[in-house]
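Protein chains in written order, with our numbering: chain A, 1 to 375; chain B, 376 to 673.
In case anyone wonders, no lab produced these hints; they're calculated from the structure.
Errors might be hidden in some of the hints.
[Said to hold, decoys possible] Quick list of simulated restraints, FRET-style, between CB atoms:
id, chain 1, residue 1, chain 2, residue 2, range
1, A, 79, B, 483, 34 to 42 Å
2, A, 321, B, 579, 49 to 57 Å
3, B, 526, A, 85, 40 to 48 Å
4, B, 465, A, 209, 51 to 59 Å
5, A, 24, B, 396, 52 to 60 Å
6, B, 483, A, 85, 22 to 30 Å
7, A, 321, B, 487, 44 to 52 Å
8, A, 120, B, 396, 58 to 66 Å
Note that beta-carbon positions come from the ideal geometry of N, C-alpha and C, so glycine has one too.
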Amino acid sequence: MSDNQNKTSPVLLRVEDARRRFRTPEGGEVAALAGIDLDIRANEFLTLLGPSGCGKTTLLRAIAGFEALDGGDIALDGRSLSGVPPHRRPFNTVFQSYALFPHLSVADNVGYGLDVAGVPRRERQARVAEALALVGLGELGRRRPRQLSGGQQQRVALARALVNRPRLLLLDEPLSALDRHLRQAMQIELKALQHQVGITFLVVTHDQEEALVMSDRIAVMAGGSLQQVGDPGEIYDRPANRFVAGFIGSSNLLATRVQGRSGDHLILATDNGLQLLAHHAGFSPGDRVDALLRPEQLRIEDEVQAHTASFEGTVESSVFAGPDRHLRVVTPTGERFTVLLRHDARQARPPQAPGQPVRLSYAPEAVHLMAGTGP
Amino acid sequence: MSPQRSRSLALAGLLAPGTLLLAGFFLVPLGIMAVYSLLSPGLYGGVEWEFYPFNYGRVLGAPLGDVEEFDPVYGGIFLRSLRLALVTVAVCLLLAYPAAFWVSRLPGQRKPLVLFLVTLPFFASLIIRIYAWMLVLKPTGVLTRAMEALGLSHLAPDLMFTEAAVVIGLCYVLLPFMFLPVYASVEKLDPALSQASADLGATPLQGFLRVTLPLTAPGILAGCLLVFIPALGNFIVPALLGGAKVMLVGNTIEQQFLAARNWPFGAALAMLVLATILLAMLGLALRSRRDAGEDGRA
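Please put together the full structure from these sequences, using the hints given.
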């Protein structure tokens with residue numbers, strides 16, 4: 001689904017100023033939701049991304065109806081869901097633990113929602129078979145959940161939710177219990193499945209890579225507040241603040257002050273005196289800005305060229321990670337940078353060794369600036 | 376010696392004390408009872424060593440066409456005992472099941488305290504605890520005084536020496552035997568399952584009947600059996616709280632052995648209680664084997 005389609009899609013679910021506080025065991029209070037405003041659009045794949053304890057699961061449970069709000073509202077098609085119990089909301093959830101009924105067969109698990117809704121047996125069986133085929137478990141309907149692998153149980157949980165054709169599918173850390181290989185395969189598959197069934201997916205995850213791979217849009221949460229909502233490219237390239245920049249991908253983040261202009265470029269300097277060039281119109285000399293330079297934007301230069309933005313440093317460590325090599329470089333001013341180099345087996349030169357001096361270059365346009373925090 | 380052989384020898388050694396104890400002090404006396412129940416009573420207790428088939432006929436006689444010694448009073452006592460045992464099971468279940476859910480949702484550090492409180496009555500003698508109930512239930516007892524103090528003396532029931540008093544006493548004594556197995560199965564229940572049920576559109580009642588009840592059924596069945604067995608055979612509670620008005624099979628057996636000195640008839644009554652309990656257990660065993668069979672077939 002393209003971004004353009006999404007932007008014209010109508011709003012399915014509107015979360016307005018959602019607030020929820022919890023008592024801590026120490027007797028204090030913590031805001032799990034500190035005034036969340038979020039629109040979920042029809043047919044989009046939206047991910048709530050954030051570290052544990054950021055309130056994303058509370059928001060999901062509030063939408064499902066398992067958690068009441070202290071303030072604010074959640075509305076479906078413009079009608080408030082306040083006071084509507086979970087079993088009367090047209091949403092279905094894939095639980096983190098899957099929560100499959102251990103005493104029922106796989107087919108009875110999948111057919112549970114249809115059964116309690118009074119769908120006739122014949123239609124129920126057909127739809128259960130269809131849902132199981134959709135997730136690739138057509139043969140296993142007679143098994144019990146405990147006779148299945150973790151990946152298969154996850155598919156049963158998906159089929160059990162999708163078979164009811166919910167307006168909105170809620171997925172709570174759906175892939176966290178799977179091993180790495182299966183998780184990566186399921187990321188692609190979930191996205192394809194969402195496209196195929198045309199149901200809105202709202203996924204909660206703490207895994208930024210998962211969010212980047214699957215989502216049409218990502219809502220980044222921290223401390224009970226939304227930090228940024230946008231498509232994956234936007235979130236990665238133009239994070240709204242230091243937190244988003246640090247949470248998504250790996251990053252070189254520098255606290256700087258704008259010193260002046262040089263043509264189109266701003267001249268930035270860290271407190272230690274490292275100078276950087278950046279292309280940005282929104283700031284003026286004297287401003288505090290946070291500068292983000294992604295590790296893959298840094299290159300190692302053999303010869304100094306006057307027209308490129310660059311600085312010197314010494315290799316501190318060099319780690320081989322399959323397709324990439326991660327270099328830690330420290331500048332004479334004491335700033336540390338991570339540099340990501342593509343691994344190339346045909347490379348003639350040996351890789352940079354610790355202790356070796358290097359010159360790092362970057363395009364000033366690649367430096368992303370955010371309004372700085374602190375004095 | 377092969378490892379398997381030494382393992383099975385070790386197992387036999389470990390099981391021997393328990394096996395010998397049960398064989399010597401349970402199976403042998405049970406065998407004596409079975410034999411005695413078919414002998415004729417001695418004049419001053421004990422038995423005469425001659426075959427006498429009418430001990431069972433005295434209880435079951437008429438339906439079996441054996442009217443020689445039949446007395447319907449014993450069948451009545453037997454049925455009343457069964458009825459009160461079943462009522463006790465039902466009351467205990469209704470009290471213990473919701474309580475088990477409440478306890479299972481308490482914060483972790485408070486659960487052990489509550490479980491300790493459940494077992495606290497075992498620290499005092501059963502007789503003393505039943506006498507305490509007599510002080511509560513008797514016409515001038517605590518219950519009546521409390522009702523009087525509230526100005527409700529006209530409503531104060533005279534419970535002493537009634538079936539209600541016996542059921543109250545049996546429930547009080549046996550409640551922990553219902554609570555503990557029921558709690559064990561409720562505690563294991565994943566709260567996410569009833570949420571999943573609601574999430575899939577089931578009303579709370581549908582969710583209870585289709586998910587919670589089937590998943591806690593093993594604990595419920597175990598608790599029912601653990602309450603039913605002692606309730607059926609109990610003789611202290613009906614003797615103290617039921618008096619002579621509420622004769623149960625337990626008192627009757629005691630009476631036959633001690634007061635009436637008819638050991639064979641007491642033994643026959645005891646064998647009938649045993650048979651009833653074995654039938655109940657057999658029914659439950661068949662049921663759980665059927666459930667297991669469904670699992671295996673899947």
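Structure-based check of each hint:
{"no.": "1", "hint": "A:79 x B:483: 34 to 42 Å", "verdict": "holds, 40 Å"}
{"no.": "2", "hint": "A:321 x B:579: 49 to 57 Å", "verdict": "holds, 51 Å"}
{"no.": "3", "hint": "B:526 x A:85: 40 to 48 Å", "verdict": "holds, 43 Å"}
{"no.": "4", "hint": "B:465 x A:209: 51 to 59 Å", "verdict": "holds, 57 Å"}
{"no.": "5", "hint": "A:24 x B:396: 52 to 60 Å", "verdict": "holds, 54 Å"}
{"no.": "6", "hint": "B:483 x A:85: 22 to 30 Å", "verdict": "holds, 28 Å"}
{"no.": "7", "hint": "A:321 x B:487: 44 to 52 Å", "verdict": "holds, 49 Å"}
{"no.": "8", "hint": "A:120 x B:396: 58 to 66 Å", "verdict": "holds, 60 Å"}
In this structure, every one of the numbered hints holds.
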